[in-house]
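*Asks:* If you're matching them up, the sequences are chains U and L in order.
Using my numbering, read the first sequence as starting at 51 and increasing by one per residue.
Using my numbering, read the second sequence as starting at 92 and increasing by one per residue.
One thing to keep in mind: the hints can contain errors.
List of simulated lysine-lysine pairs, BS3-like, C-alpha gap at most 27 angstroms [unchecked claim]:
1) L:K237 to L:K289
2) U:K99 to U:K285
3) U:K147 to L:K237
4) U:K285 to L:K140
5) L:K241 to L:K289
6) L:K140 to U:K99
7) U:K147 to U:K99
8) L:K187 to U:K241
9) L:K285 to L:K237
10) L:K237 to L:K297
11) L:K241 to L:K285
12) L:K297 to L:K285
Partial selection, computed: residues in chain U whose CB lies under 10 angstroms from chain L [said to hold, decoys possible]:
13) T102
14) D218
15) G288
Note that these hints are calculated values from the structure, not bench results.
All of these numbers come straight from a predicted model, not from anything done at the bench.
The C-beta atom is built at its ideal place from N, Cα and C for all residues, glycine as well.
In case you want the letters, here they are:
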Amino acid sequence: MSTTFNRYFGELRKTRIWRSVFRGGTGQSTLRNSMAIQQNVFLHLLPTKVRTRMIDFNATWYLGTLTLGTFGILVITGILLMLYYHPSAPQAYADTKDLQFVVSSGQFLRNLHRWSAHAMVFLVFAHMFRVFYRGAYRPPREFNWVIGVILLLVTLLLSYTGYLLPWDQLAFWAITVGSNIASAVPIMGDKVRFLMLGGHFVNANALLRFYVLHCMILPLAALFFIAIHFWRIRKDGGLYTRHSEPDAVMTTAPAERPL
Amino acid sequence: MTNEKTPDSKASPKSFVAAVASDARKSPVRVAFVTRRTSAQVQAYDEPKLQSFPEVLFRVAIAIEVLAIILVLISLFFNAPLEGLADASHTPNPAKAPWYFLGLQELLHYFPPVVAGVLVPTLVVLALIVIPYFNINVEADGLFTKDRDKRLRIFWAVSVTFCVFLLVFDVIVALVPTLITVALMAYAATATPKSSSKFRRSLAAKPLSFWIMSWFLFELAVLTTVGTLFRGPGWSWVLPWRS
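Bound-form chain L, shown alone (with noise of 0.2 angstroms):
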C-alpha cells in the first residue's frame, strides 16, 4: 500500500488493495498516509462466506450423524474382541501390540529395542513437530528445480546408503516401499514444470517434504499392513487367507 504524496490532487482517487498479512517476516507493518483531500479507495477481496451458526454446524451435525450411524452399523454386526483371562503364565505366539503399533512391532523384528522402539518413534514424533518451522516446507519449491546437480547427488548418495543399510539389516519390508519412492523421485527428476504430461509436471513441482512424507506414509501403511496380517507364529511370513 503506498500513496504518493499529493498535496494539490484533483486527480481520480488512489487505488489501495487491501489484505491481511499473515506472515510478518515478509510483510512488515506498512502504514498509509491519506493526505486532505485525497479520497482513498480501497480494494479488498472478501470471499464469500457462511455463518457458522446455524449453516456450518447444522452441517458439522450431518457429518457426525452421518459417522454414528455408520460406527453403530458395525457395531451391531461385528462384535469386539475377547479372549480367556489374561494369564502371564501362558504367552500367545504371537504377541501382537495394538495395529497402530504393529509398524512399530515389525521394524522390533530387525532392529535391537532401543533403535525401534524408542530411537524411530522419537525421530518421528520431533520430525512432525518441526515440520512448519522449516523454510524449505514452507516455501515448497519443487525439489530439483534448484540447484539440480548438487540435490541430485546428494539425493542419489542418502538413498543409496539408506537402501544399503535396510539390505545389511534385510529390513526387506521397508526396502520395497524406499525403492519404488526414490524410483518415483528418480522420474521426478528427469521433469520439469514445463514437461508435456500432467503428471510430470506435477511431479516435478512437489517439494522434499512431499517426497518425506508420501515415503513416512508408504512405509507407515506396509509395515501396518505386514504387521497385523501377514505375520504368524515367531513373527514369521503368513498369508491371511491361508490360516
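One chain only, chain U, in its complex shape (with noise of 0.2 angstroms):
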C-alpha cells in the first residue's frame, strides 16, 4: 500500500509541472528531501530534520499542532460561512437561522465552526500548560513563549469577537457582560468600551466592528505571530527536549537521556 503509494507520489514528483511549481525537484535521498522543507516558502518556517524521541506521542502531544489544525478548520468554515451572512442587525439573525434551515449542510458547518473554536480555546490553554511543565519556555526560547502568550490573547479575542456574530440573545449578553468590564478600566473605561462597541451599547455598530475584527484583523494577527512562533522553534533549536543544555549534553550519552 504504501510502496505503492510511493512509487506514484514519486511519479508525480517527477513530472515537469510539478517541479515547475515545487522547487525541490524529485528523489528521495536526504538532500531532496531537505530541499522540500528549504526550498517552500511556507515549509522552510520548519526544521529540515526533529529529533526522533519527539515524535513520540507522549514527548508533546501534539497539542501545537492540533491547534494549528484547528485554526485551519476554522479559516475553511469560516470563509464558506461568510458566503451567507451580512454582519448587519437583524439580518444577521436571519442568516443564522438560514444556515440552520435553510443552507444545505449549513447546520453543520455552523457546528463545525463553533465546535473547532472550543476546542482551538481549550487546545492552546492545554498547550501552554504542556510547555510550561516540560520547561520549554527556558532560554533560549524565551521569546517564543512571550509569543506564545501574545497567540493565547488573540484565540481568546478571536473566540470573543466570533460569539457576538450570530447576533442571539446568547451572544448579546455575553459580549454586554465582557464590554461592561471594559468600563472598569480606570479613567478611560467608558471610552475604552466605546471604541470596542461604536457606541454606549451593544448594536449594529458593534457587530460590525466584531465583524471585521473576527474576519479580517484578528486572523491576520493570527497568521502573523503563527508564522514568527513556528519559524522560532526552528531558530531556537528545535524542539525543547529536556536535559538538551550543554552539561547534561557532555555528560551522559543520548540513550541515557531521559525525553
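Join the two chains, each given in its own frame, into one complex according to the hints.
*Replies:* Structure below.
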C-alpha cells in the first residue's frame, strides 16, 4: 500500500509541472527531502529535521499541531460561513437561522465552526500548560513563549468577537457582560468601551466592528504570529528536549537522557 | 573545549566534546587552537533525527486528520446553540460570558469590576509573559531545598495572608483550591530529595514556578467549572443535575 503510494507520488514529483511548482524537485535522498522543506516558502518555517524522540506522542501530545489543525478548520469553515452572512442587525440573526434551516449542510458548517473554536481555545490552554510543565520556555526560547502568550490572547479575542456574530440573546448578553468589564478600566473605561462597541451599547455598530475584527484583523494577526512562532522553533534549536542544555549533553549519552 | 599547547606531540590525539551551547551567560564563546601535527578528535553526540519531509509532516497530517474526524463527528451529533433574536430590553438571568471567561465572571461576583475584570487579567498576562525571564524559573531547584527556614517562613506568611484575604471577601470557591495547594506545599516541605517514596521525592524537587502555575491551573479549572455549571439565576449556587 505505502510502496504503491510512494511509487505514484514519486512519479508525480518527477513530472515537469510538479517540478515547476515545487523547487525541491525529485528523489528520496536526504538532500532532496531537506530541499522539499528549505525551498518552500511555507515549509521553510519548519526545521528540516526533528529529533526522533520528539515524534513520540508522549513528548508533546501534538498539542501545537492540533491547535494549528483547529485554526485551519476554522479558516475554511469561516470563509464558507461568510458566504451566507451579512454583518447587520437584525439580518445577521436571520442569516444564522437560514444556515440552520435553509442552507445545505449549513447547520453542520456552523456546528463545525463553533465546536472547533471551543476546541482551539481549550487546546491553546493545554499547549501552554504542557510547554510550561516541560520547561520548554527556558532560554533561548523565552521570546517564543511570549509570542505564545500573544497567540493565546489573539485566540481568546477571536473566539470572543465570533461569539457576537449570530446576534442571538446568548451572543448579545455575553458581549454585554464582557464590554461592561471594559468600562471598569480606570479613567478611560467608558472610552475603551465606546471604541470597542462603536457606541454606548452593544448595537449594529458593535456587530460590524466585531465582524471586521473576527474575519480580517485578528486572523491576519494570528497568521503573522503563528508564522513567527513556528520559525522561532527552528531558529531556537528545534523542539525543546529536557536536559538538552550543554552540561547534560556532555555528561550523558543520548540513549540515557530522559525525554 | 581546551587543548594544551603541545609543540612536538606524538601522543594520542586530544579529545574534544562538541556541543551547541544555548545559554550565552553560562557558555561564553570558546576558541580551541589545534596546533600543527595535533589531530583533533571531536566527539559530538548527534542524536537520531528524522527528516521533516516526509516523515514528520506525514504524522502531522495524520494528527490533524484524526482531530478533524473527531470534530466532524461531534458536529454531526451536537448542534451549536442558538437562542432568540438579540433583545436589549430582555435580560436573561443569569447573563453569562463565554465559558473561558466564566472564571473571571465568578471573581466578578466577589470583587469590584476594576479588580476582577481589569487588575486580575492584566496581572495574569504579565505574570505569564515574565516567566522565562526570571532565573528562579529557569534554574528550577526544589522550593525548599535551599534557605529552608527562611523560605518556609515566607511561604507560611504569604499563604496565611492570602487565605485570610479570601475568607474576608467570602471567596470560598477560590479558597478551597488554595488550601489544597498550600497543604501539598507544606507536605512537600517535609520531604527531601532523599525521601523514601517516589512521590515525596518528586514533590521535594518541584520549584516555586511549578507551585504557582499549578495553583493557577487549579483555580482556573475550579472557577471556570463553577461559573459554567454551578451558577444559576442571580449567580446563585445551583446543581447542574437538578435543573
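*Asks:* Hints first: check each against the structure and report whether it holds.
*Replies:* Do the hints match the structure? See the list:
Taking the CA atoms of K237 (chain L) and K289 (chain L), the gap is near 20 angstroms; set against the 27 angstroms cutoff, the hint holds. Distance hint between K99 (chain U) and K285 (chain U) is fulfilled; the C-alpha atoms sit about 12 angstroms from each other, no more than 27 angstroms. Taking the CA atoms of K147 (chain U) and K237 (chain L), the gap is about 63 angstroms. The hint is violated against a cut of 27 angstroms. The straight-line distance between the Cα atoms of K285 (chain U) and K140 (chain L) is roughly 17 angstroms, inside the 27 angstroms bound, and the hint therefore holds.
With a C-alpha separation of about 26 angstroms, the suggested pairing of K241 (chain L) with K289 (chain L) holds against the 27 angstroms cut-off. Between K140 (chain L) and K99 (chain U) the CA atoms are separated by roughly 6 angstroms; this keeps the pair inside 27 angstroms, and the hint holds. Between K147 (chain U) and K99 (chain U), the direct Cα distance comes to roughly 48 angstroms. Violation of the 27 angstroms bound is thereby established for this hinted pair. The suggested pairing of K187 (chain L) with K241 (chain U) holds, with an alpha-carbon distance near 23 angstroms, which does not exceed 27 angstroms.
Annotation: proposed proximity of K285 (chain L) to K237 (chain L) holds, straight-line Cα distance about 14 angstroms (limit 27 angstroms). The hinted pair formed by K237 (chain L) and K297 (chain L) meets the criterion: a straight-line CA distance of about 12 angstroms does not exceed 27 angstroms. Taken as a hint, the K241 (chain L) and K285 (chain L) pair is honoured in the structure, with Cα atoms around 21 angstroms apart against an allowance of 27 angstroms. For the hint pairing K297 (chain L) with K285 (chain L), the CA-to-CA distance comes to about 14 angstroms; that is within 27 angstroms, so the pair holds.
Hint status for T102 (chain U) relative to chain L: holds, with the closest Cβ pair at about 4 angstroms, below 10 angstroms. For D218 (chain U), the shortest C-beta to C-beta distance to chain L is roughly 4 angstroms, which falls under 10 angstroms, so the interface hint holds. Because the beta carbon of G288 (chain U) sits about 9 angstroms from the nearest beta carbon in chain L, less than 10 angstroms, this interface hint is met.
Hints 3 and 7, counting from the list given before, are not met by this structure.
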